[in-house]
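Input sequences plus hints: build the corresponding full structure.
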Amino acid sequence: MSENKKPLLGFVHKLPSGTAPGNSGKTRCPLCMGLFKAPRLLPCLHTVCTTCLEQLEPFSVVDMRGGDSDTSSEGSIFQELKPRNQQSQVGILCPVCDAQVDLPIGGVKALTLDHLAMNDVMLENLHGEGQGLVCDLCNDREVEKRCQTCKSNLCQFCCQAHRRQKKTSYHTMVDLKDLKGYSRVGKPILCPIHPAEELRLFCEFCDRPVCRDCVVGEHREHPYDFTSNVIHKHGDSVRELLRGTQPRVEALEEALAQIKRVNSALQKRVEAVAADVRKFSEGYIKAIEEHRNKMLKQLEDIRVQKENSLQLQKAQLEQLLADMRTGVEFTEHLLASGSDLEILITKGVVVERLRKLNKVEYNTHPGVNDHISFSPQEKAGQCHGYEVYGAINTKEVDPAKCVLQGEDLHRAREKQTASFTVLCKDATGESMGRGGDNVHVAVLPKDKKDSPVRTMVQDNKDGTYCVSYTPKEPGLYTVWVCIKKQHVQGSPFTVTVRRKRHPHLGVFHCCTFCSSGGQKNASCACGGTMPGGYLGCGHGHKGHPGRPHWSCCGKLTEKSECTYIGGQSTSTSLLRTVAL
Numbered sequence: 001m002s003e004n005k006k007p008l009l010g011f012v013h014k015l016p017s018g019t020a021p022g023n024s025g026k027t028r029c030p031l032c033m034g035l036f037k038a039p040r041l042l043p044c045l046h047t048v049c050t051t052c053l054e055q056l057e058p059f060s061v062v063d064m065r066g067g068d069s070d071t072s073s074e075g076s077i078f079q080e081l082k083p084r085n086q087q088s089q090v091g092i093l094c095p096v097c098d099a100q101v102d103l104p105i106g107g108v109k110a111l112t113l114d115h116l117a118m119n120d121v122m123l124e125n126l127h128g129e130g131q132g133l134v135c136d137l138c139n140d141r142e143v144e145k146r147c148q149t150c151k152s153n154l155c156q157f158c159c160q161a162h163r164r165q166k167k168t169s170y171h172t173m174v175d176l177k178d179l180k181g182y183s184r185v186g187k188p189i190l191c192p193i194h195p196a197e198e199l200r201l202f203c204e205f206c207d208r209p210v211c212r213d214c215v216v217g218e219h220r221e222h223p224y225d226f227t228s229n230v231i232h233k234h235g236d237s238v239r240e241l242l243r244g245t246q247p248r249v250e251a252l253e254e255a256l257a258q259i260k261r262v263n264s265a266l267q268k269r270v271e272a273v274a275a276d277v278r279k280f281s282e283g284y285i286k287a288i289e290e291h292r293n294k295m296l297k298q299l300e301d302i303r304v305q306k307e308n309s310l311q312l313q314k315a316q317l318e319q320l321l322a323d324m325r326t327g328v329e330f331t332e333h334l335l336a337s338g339s340d341l342e343i344l345i346t347k348g349v350v351v352e353r354l355r356k357l358n359k360v361e362y363n364t365h366p367g368v369n370d371h372i373s374f375s376p377q378e379k380a381g382q383c384h385g386y387e388v389y390g391a392i393n394t395k396e397v398d399p400a401k402c403v404l405q406g407e408d409l410h411r412a413r414e415k416q417t418a419s420f421t422v423l424c425k426d427a428t429g430e431s432m433g434r435g436g437d438n439v440h441v442a443v444l445p446k447d448k449k450d451s452p453v454r455t456m457v458q459d460n461k462d463g464t465y466c467v468s469y470t471p472k473e474p475g476l477y478t479v480w481v482c483i484k485k486q487h488v489q490g491s492p493f494t495v496t497v498r499r500k501r502h503p504h505l506g507v508f509h510c511c512t513f514c515s516s517g518g519q520k521n522a523s524c525a526c527g528g529t530m531p532g533g534y535l536g537c538g539h540g541h542k543g544h545p546g547r548p549h550w551s552c553c554g555k556l557t558e559k560s561e562c563t564y565i566g567g568q569s570t571s572t573s574l575l576r577t578v579a580l
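Residue numbers (full-length UniProt numbering): 1 to 580.
Rather than coming from a laboratory, the hints here were simulated on the basis of the structure. Keep in mind that this is a model prediction, so the values were computed, not measured. Watch out, some of these pointers could steer you wrong.
[Claimed, not checked] The calculated label-pair distances, taken between Cβ atoms and stated as ranges, are: (1) 275 with 452: 45 to 51 Å; (2) 59 with 362: 23 to 29 Å; (3) 319 with 410: 50 to 56 Å; (4) 492 with 461: 25 to 31 Å.
All C-beta atoms, glycine included, are put in the ideal place defined by N, C-alpha and C.
Rendered as structure tokens:
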């Protein structure tokens with residue numbers, strides 16, 4: 001296996017002509033406002049100095065999310081993976097976005113180092129935008145030269161000593177002013193386990209960079225390759241995730257713009273209604289002025305309530321947009337300016353953050369509307385003895401207060417129209433007094449729930465609605481009555497549908513012999529017979545019920561529903577015409 005000589009993102013690059021080197025927005029700590037010193041990358045993709053993070057007040061973390069927290073830190077790539085059921089005990093808050101950061105076992109220093117920010121700091125120092133660089137060896141004097149072989153910044157004294165030593169006498173020295181055309185001047189990243197070895201390989205099994213000594217030791221049986229060979233695959237996966245995140249930023253921006261438009265419409269509507277209230281109140285002096293002020297206060301309360309709801313939704317969307325932008329900007333900067341190794345080091349944190357952000361659900365529609373109206377003709381009672389008119393209307397129907405009325409609520413007949421009434425009320429229990437509400441009714445057979453009965457809802461324009469339906473078959477039915485996707489009081493309820501009422505086909509008689517005038521072929525549904533070849537019943541003979549009954553079905557009650565089912569006897573034998 002040979003290392004690719006032209007990596008996707010090299011360690012040192014020349015800046016294109018006309019490009020301004022350095023990036024002050026990525027080089028200063030948001031807490032101390034100074035240039036980054038040992039910057040640490042937080043899970044929310046904000047970068048802060050190590051010393052600044054150590055000064056933050058930690059707090060105990062009680063995580064009930066099963067070890068998969070959105071803000072939990074993955075720590076350094078060299079930190080051992082902890083079990084999923086193990087929870088962090090201490091956390092801090094990000095000083096930029098207040099996101100919770102669960103500290104790993106090693107504390108702040110176990111968080112991922114932001115090598116990209118460290119390179120930006122060095123570039124800014126080289127171009128005179130920050131304080132001078134300090135010698136890497138003596139840590140005292142200002143840097144004048146850089147050793148291109150060992151990637152060290154040296155002062156004049158240490159540079160001379162560097163050339164005198166036998167091991168480093170052949171190293172190439174470059175003046176700092178000659179490095180201003182480079183986009184990367186960072187130091188090589190060494191293995192924390194084998195400090196003499198540079199991280200040039202990537203272990204696919206452990207998903208982290210390793211050195212040559214690592215692959216012959218701890219990672220001996222693991223598949224690995226040069227970082228320049230695997231950066232294409234891992235870089236493309238990050239880019240694909242980035243492409244899925246960018247449209248969400250546009251959607252959030254459009255949602256915020258829509259909220260702004262609704263808020264503006266709400267303000268205009270409030271001002272228009274307030275003008276109507278003032279105009280109507282001019283005719284009355286004290287009483288009307290008092291009534292006017294009362295209505296204006298009510299209107300202001302409505303405005304505050306609706307505006308607070310919009311502002312809360314706006315704040316939530318703005319925070320989500322800020323998090324999205326941070327993720328997108330950092331990822332774009334990482335992919336555009338980071339080295340192969342830096343991308344691989346921060347890949348885990350970036351991918352986890354972008355995935356979490358993409359899973360966040362949000363509502364792009366405003367949570368409230370500008371429905372406010374003024375009714376000047378509506379009676380508002382008396383004020384100081386004067387009858388006053390005018391009211392602010394924001395009434396909304398409350399499904400829990402609506403009631404159902406009618407005789408056909410729980411009973412009906414097949415193939416006959418049944419009806420009941422829905423009385424709509426608001427949250428205070430008062431009748432709405434107007435129509436326009438969306439009342440949804442469903443009538444479902446209990447044994448055929450996929451075959452609902454067709455229903456009709458008539459708006460009476462006074463807060464009541466007449467519901468009618470015609471069941472086709474007898475049995476048990478479930479009736480749903482919903483307003484604003486919520487059940488009204490008493491819904492759902494059960495309706496028993498009985499068979500359609502049938503008139504009797506025969507005669508109500510004492511016996512067949514009497515009612516037929518002694519005809520032998522006349523029969524009766526009671527099942528009685530007489531000797532001598534008579535098919536019907538007779539007094540005192542076998543099967544006679546002993547009292548008057550219907551010849552068609554045998555029922556003993558004169559005012560009853562016929563239960564005769566065709567096939568037991570012919571219609572001509574049921575004695576329709578012969579009277580007793």
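Residue 452 and residue 275 - C-beta distance against the hinted 45 to 51 Å: holds, 49 Å
Using the C-beta atoms of residue 59 and residue 362, is the stated range 23 to 29 Å upheld? Hint holds: Cβ distance 28 Å, inside 23 to 29 Å.
Residue 319 versus residue 410 beta-carbon gap, inside 50 to 56 Å or not: For residue 319 and residue 410 the Cβ distance comes to about 52 Å; the hint holds.
Measuring from beta carbon to beta carbon, are residue 492 and residue 461 in 25 to 31 Å? Given range 25 to 31 Å: holds, Cβ gap about 26 Å.
Checked against the numbered hints above, the structure violates none of them.
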